[in-house]
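Make a model of the complete structure from these sequences and hints.
Numbering (our numbering) for the sequence shown: 1 to 452.
A few of these clues could be false.
[Claimed, not checked] Below 27 Å or equal to it, Euclidean Cα-Cα: the simulated DSSO-like pairs (lysine-lysine) are:
#1 214 - 111
#2 396 - 214
#3 434 - 40
#4 398 - 215
#5 60 - 111
Quick caveat, the hints were computed from the structure, so don't treat them as lab data.
Values in this document were obtained by computation on a predicted structure and should not be read as measured data.
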Amino acid sequence: MQQGGMQMKGEMTVVFSLVFMLMISFSGAILESASLQTLKNEKREDMSLAMDSVFAEYQKELFEHYDIFTLDASYETGTLSEDAVGSRLNFYSGMRAEQEIIRMELLTDFKGQAFYEQAVRYGGSQYGADVLEVALELKELWKEKEETLREDSEQETEAIFEKAEAVLPSEENALSEVIRLNRRSLAEKVLPEGQTLSARNLSLSELPSHRTLKKGRGEFQEQVLGSDAVSDLLFEVYLEKHFGTAVSPGKDTALAYEMEYLLNGAASDAENLEAIVRKILWIRFACNFAYLQTDAERKEKAALWAAGISTLLLVPEGEEVVRQAILLAWAYGESVQDLRRLMAGGKVPFWKTSEDWQTGIMDLIRIGQAQTVQAGDGEGFSYMDYLRCLYLLEEKEKIRMRALDLIEQNLRGNEGTSFLCMDACINKMEVQTKCHFRRGISWCFRSYYEYM
Numbered sequence: 001m002q003q004g005g006m007q008m009k010g011e012m013t014v015v016f017s018l019v020f021m022l023m024i025s026f027s028g029a030i031l032e033s034a035s036l037q038t039l040k041n042e043k044r045e046d047m048s049l050a051m052d053s054v055f056a057e058y059q060k061e062l063f064e065h066y067d068i069f070t071l072d073a074s075y076e077t078g079t080l081s082e083d084a085v086g087s088r089l090n091f092y093s094g095m096r097a098e099q100e101i102i103r104m105e106l107l108t109d110f111k112g113q114a115f116y117e118q119a120v121r122y123g124g125s126q127y128g129a130d131v132l133e134v135a136l137e138l139k140e141l142w143k144e145k146e147e148t149l150r151e152d153s154e155q156e157t158e159a160i161f162e163k164a165e166a167v168l169p170s171e172e173n174a175l176s177e178v179i180r181l182n183r184r185s186l187a188e189k190v191l192p193e194g195q196t197l198s199a200r201n202l203s204l205s206e207l208p209s210h211r212t213l214k215k216g217r218g219e220f221q222e223q224v225l226g227s228d229a230v231s232d233l234l235f236e237v238y239l240e241k242h243f244g245t246a247v248s249p250g251k252d253t254a255l256a257y258e259m260e261y262l263l264n265g266a267a268s269d270a271e272n273l274e275a276i277v278r279k280i281l282w283i284r285f286a287c288n289f290a291y292l293q294t295d296a297e298r299k300e301k302a303a304l305w306a307a308g309i310s311t312l313l314l315v316p317e318g319e320e321v322v323r324q325a326i327l328l329a330w331a332y333g334e335s336v337q338d339l340r341r342l343m344a345g346g347k348v349p350f351w352k353t354s355e356d357w358q359t360g361i362m363d364l365i366r367i368g369q370a371q372t373v374q375a376g377d378g379e380g381f382s383y384m385d386y387l388r389c390l391y392l393l394e395e396k397e398k399i400r401m402r403a404l405d406l407i408e409q410n411l412r413g414n415e416g417t418s419f420l421c422m423d424a425c426i427n428k429m430e431v432q433t434k435c436h437f438r439r440g441i442s443w444c445f446r447s448y449y450e451y452m
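This is the structure in structure tokens:
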């Protein structure tokens with residue numbers, strides 16, 4: 001009987017020993033799991049801090065001059081180096097790990113999308129949404145009118161001028177002066193007295209918009225404010241704040257007429273200004289010619305001049321052509337004067353009244369000569385207003401890349417940033433990290449950062 005009791009005690013001891021061993025093993029597994037999870041959390045936190053530290057090394061000149069955050073991944077060599085970025089991550093994280101960049105967006109990727117997003121956020125910080133909605137309505141209205149006003153104006157005017165030339169004498173007269181001005185460079189003729197046409201130019205093949213660019217990889221969700229139309233308006237606000245115009249030229253910049261380059265994209269200031277003033281000229285011409293059709297007094301003057309010229313030339317059948325040519329030349333000459341006022345920093349009413357009209361028929365004889373025009377305090381559209389409206393008609397992706405052209409060239413011209421390449425600048429990045437723990441355990445996780 002006693003022997004049986006001792007046997008039962010021995011069995012219980014074995015059971016308790018097994019249970020105890022299981023509990024110890026389970027506790028050890030829990031502790032090991034907790035230890036590994038703690039290590040994982042520490043590594044993830046270390047990488048998060050490392051990503052913050054790496055992106056805190058943003059290109060400061062780019063931010064100071066253009067309010068754009070970006071990481072110069074060339075580290076002042078001009079050549080993007082993913083290995084250098086990985087080394088910085090390991091340095092700041094304080095661990096040896098395998099780093100692989102899974103996704104990366106450069107400032108120039110997707111036609112400058114990352115640059116555009118930051119510029120839009122800057123514009124949003126300058127104006128309220130209610131102001132933008134009103135501006136959007138006004139600009140949509142302008143876009144409709146501008147397309148109607150400019151349609152075929154230049155071709156129709158040139159055709160009538162050619163007909164008038166056939167019946168006019170070759171010697172000096174008001175019409176011939178306007179016709180010659182229409183076929184010559186206009187930009188230099190409308191600049192304020194004492195201001196010379198800029199001779200600055202760029203080598204297009206070296207620019208981000210023309211050269212073969214380095215590419216990031218992966219795709220990121222676009223981060224813009226409001227609708228595309230509102231975002232485009234905010235982008236225009238950014239451009240206006242950071243780039244010069246012919247009225248307010250850039251001083252220490254690659255081009256003096258920067259906004260004109262954004263809208264036209266030619267290599268030289270002269271080409272860009274010529275293209276822009278021509279566009280504004282034909283807008284003003286359409287408005288001025290439309291006004292003349294409603295001004296009975298000025299139409300009568302044009303008819304009298306046409307009758308007199310036709311009689312003197314013994315070509316009465318050409319009277320109607322000459323009359324139309326006089327009205328066109330008059331509207332053209334008025335438009336040139338409008339341009340001079342705009343370039344002097346003044347404003348011009350979009351739709352004129354008789355009191356707003358500046359030129360007489362005899363003034364057309366000297367319309368191509370340099371003249372002093374006061375800016376005045378009138379109401380209407382300024383030169384910048386016309387640039388804003390022309391911005392509506394240009395492809396926004398082209399403007400983004402041209403803006404990056406200017407930023408790169410302007411900063412390369414500064415001492416200490418001659419290495420800068422827009423396609424070596426990272427704006428968003430996702431990194432996969434592989435860590436190795438004890439007993440051959442490894443763990444992979446991803447970290448993400450973008451400039452907001």
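Okay, the hints, checked on the actual structure:
1. 214 - 111: holds (12 Å)
2. 396 - 214: holds (21 Å)
3. 434 - 40: holds (11 Å)
4. 398 - 215: holds (18 Å)
5. 60 - 111: Holds, because 23 Å separates the two Cα atoms, which is no more than 27 Å.
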